[in-house]
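> Residue strings, one per chain:
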Amino acid sequence: MGLDLAGVTAWLRDFADQVHTNVDLLTDLDRQTGDADHGSNMDRGMQAVAALDMSSFASPGELLKKAGMTLVSTVGGASGPLYGTFFLRLAGAWPTTDDAAGLGAALRAGLDGIQSRGKAILGDKTMVDALLPAVEAYDKAVAEGVASALPAAVAACAAGRDATIPLVARKGRASYLGERSAGHQDPGATSLTMLLEAAGRTLV
Amino acid sequence: MKKLINDVSDVVKDSLIGFEAAHDDLIRVDHQNKVVYRVDAPIEGKVGIISGGGSGHEPMHGGFVGLGMLDAACCGEVFTSPTPDQVLAATSVVDGGAGVLHIVKNYTGDIMNFEMAAEMAAADLGVRVEAIVVNDDVAVQDSLYTAGRRGVGLTALLEKIVGGAAEAGADLDAILALAQRVNANGRSMGLALTSCTVPAAGQPTFELGEDEIELGIGIHGEPGRERRPLPTAAEAAQLLVEPILEDLDYRGSEVIAFVNSMGGTPLIELYILYAEVAKILQAKGVRIVRQLVGHYVTSLEMAGCSVTLLKADDEMIKHWDAPVVTPGLRWGK
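Going line by line, the protein sequences match chains A and B.
Counting in our numbering, the first sequence runs from 1 upward without gaps.
Counting in our numbering, the second sequence runs from 1001 upward without gaps.
I should point out that these hints are in silico values taken from the structure, not numbers from a laboratory.
It should be emphasised that the depicted structure is a prediction, and the values quoted were computed from it without experimental measurement.
Treat the hints loosely; a few may be bogus.
[Stated by the list, open to error] Heads up, simulated SDA-like pairs for lysine to any residue below, C-alpha to C-alpha not over 25 Å straight-line:
| id | chain 1 | residue 1 | chain 2 | residue 2 |
| --- | --- | --- | --- | --- |
| 1 | B | K1013 | A | G92 |
| 2 | B | K1013 | A | A51 |
| 3 | B | K1013 | A | R108 |
| 4 | A | K65 | B | E1210 |
| 5 | B | K1003 | B | P1204 |
| 6 | A | K140 | A | R180 |
| 7 | B | K1003 | B | E1210 |
| 8 | A | K119 | A | G92 |
| 9 | B | K1013 | B | V1039 |
| 10 | A | K66 | A | A159 |
| 11 | B | K1003 | A | V23 |
| 12 | A | K65 | B | M1120 |
| 13 | A | K66 | B | E1242 |
| 14 | A | K66 | B | E1119 |
| 15 | A | K119 | A | M69 |
| 16 | B | K1013 | A | S73 |
| 17 | A | K65 | B | V1039 |
| 18 | B | K1002 | A | Q32 |
| 19 | B | K1013 | A | A50 |
| 20 | B | K1318 | B | E1301 |
| 21 | A | K66 | A | H20 |
| 22 | A | K65 | A | A163 |
| 23 | A | K65 | B | E1115 |
| 24 | A | K140 | A | V168 |
| 25 | A | K65 | B | P1204 |
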């Protein structure tokens, strides 16, 4: 596996499976602080991505772009534009070879896209709390290659996800709860961690 | 879960089929994009008025499509904002050459999807799009540290008034200014007696005891700010009206008063509440000049209600009184 079309295909399929298997978990998390639709929305979107004829794409970048457009047009809510923008930016920066620095730059571009679309910063109790530490951990380990940097990113991502539990939400629907949003794990950080975990299994 | 549906994943699709069949004299539905259009769209030279949002708030927004109100409504999944391509499709159809106004309720997802659609409309269609973001819910503290106040009941009043102005031939700048004035002068507050069940989730969004209410709810079954013992209608009216009057100075002004059911509260209770609201306003020197009581901005089957007070000027009253012929609101013609 690697960063070629076969690797990205496996990554997207793995993530779609994870979302599908955990649809109730994601919806339950969203019920606690939001509106109980994160699981069903992400599942609808990733099933549409999984239904793409992935082998027909000329490059991993083309596939990632189509995946982003598909999510934008099928997910709705905040997750559609955020995940869609992530994949569109990833597509634009995806490396043409198995290049550790190139993957780091692509992940950074995806993070920048999410932050410019959603305006969230670290500590707002959003997917940024998982993705930002993941990108930083990746960059720190990038000299050791994808096989070391990606697992480091996955670990940091999961830690960031867990660290959302005590936070008070300042963005998204959970922010309406004020202090009552503390004590719940953020659903977006949870699905984002599934995405990175899938990458760890397929892109290395 | 006890609902009259065929399949949880077909709720919006199946409902739109019936909606079109029931109102084919007024509206058309693009089932592919889940967009409701007025039957005579686009209207040459008229500013196109588009709203949209998650489904589950019926009659808002599809039920407000027709003469004197909306040209199109984009229907998302239940409680999920519509996607940019839905909004883009609606924008291209209703554009009559005078520009298009997007009416957006202030939710993170709605803002992002409508923003992406407006960017695409400018790039792909060359249509001038302006947006009004409705944020009237006093239950949310308006600060830099939240997503800001939600758009709730005022949205229905704004859609009527702005739709009336567009029908009368106002241009996009005038309509945008009017929409901003309506948003600046309206406030809402809601409470829930029960939660509601999103079909895809299959169970209530929150649990509420028999003798409890959730005060300060939005319109998506999300929990509110505070849980309290069940009040009388008179006490409930106080709980809803006081935070509104504390937030904006209504003294000596004329208002459109809107008492709205969240879906499950029947009219017999809404009228009891309306009487209490009217009593409080009279004592405070606020004059009700128009009123609306009923099920307009709902949250599926949630029992509960909201109160919206709009300080109305002559222009707003004129467009409020103008004829409207939609599935959800009809008068004056």
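> Which of the numbered hints are not met once you compare them with the structure shown?
Going through the list in order, the structure violates hints 1, 3, 4, 6, 10, 13, 17, 20, 22, 24, 25 and respects the others.
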